[in-house]
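*Asks:* One rule links them: number in the numbering used here = place in the sequence shown (from 1) + 4.
Source of the hints: derived by calculation from the structure; they are not laboratory data. Quick caveat: nothing in here was measured; it's all calculated off a predicted structure. Positions of the beta carbon are idealized from the N, C-alpha and C atoms, including for glycine. Please note: incorrect hints may appear among the correct ones.
[Claimed, not checked] Just the calculated beta-carbon pair ranges, DEER-fashion: (1) Val-121 - Thr-72: 37 to 47 Å; (2) Gly-51 - Asn-10: 44 to 54 Å; (3) Asp-69 - Asn-96: 27 to 37 Å; (4) Pro-108 - Arg-43: 42 to 52 Å; (5) Asn-96 - Ala-15: 15 to 25 Å; (6) Ala-119 - Gly-35: 24 to 34 Å; (7) Gly-25 - Ser-110: 34 to 44 Å; (8) Arg-28 - Ser-110: 31 to 41 Å; (9) Leu-23 - Gly-49: 17 to 27 Å; (10) Leu-101 - Asp-122: 32 to 42 Å; (11) Gly-35 - Ala-100: 26 to 36 Å; (12) Ile-64 - Asp-122: 24 to 34 Å; (13) Thr-105 - Pro-29: 37 to 47 Å.
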Amino acid sequence: MGGDTNEFWSAYGQVAWLLTGEVRPYQRAAGVFGAVVPRQSFRWGRGLGAWELAGRLSWIDLDDDPVTGNRLTDTTVGLNWYLNQHTKFQFNWIHALLDGTAVPSSNADIFALRAQVDFKTGGARVLFRSKNPGRGSVRPVISISPVEQYRVETPMRPGRYPVL
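Whenever a hint applies, use it, and build me the whole structure from the sequences.
*Replies:* This is the structure in structure tokens:
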């Protein structure tokens, strides 16, 4: 208690480009990004889904007397595939460089695959009307935009975060 305070530093920057032309919605007032909604959901021979090329550079320095730590810098190149508004695959290559005196310097190449399924309610709604009354078959008549609206309390309070 009352001892010295150590300072550790970190930073990151990232960029992304939606190759298939979609736009990631942004709510300026809340400061949050919305979900990517593909123009065409993936279907064999019909739609590609949305493809995104992404890159990130991150850095952390854990060296401050009397703590002898290391510095880690990693570069990530990723390809994200949004099959539809609720399903995404991420393919990442990460090149990490560890430098410092606490442990020997080293580097690593990491290949990662992640699958994500979003179970949130809302999104696209399709209204149906009976095609042949009495037969139970239906067909879509009205498609309502799948872009969801996010309600976020502002200002943010400690422990309360926007839910996308």
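*Asks:* Return the numbers of the hints above that this structure violates; sort them in rising order.
*Replies:* none
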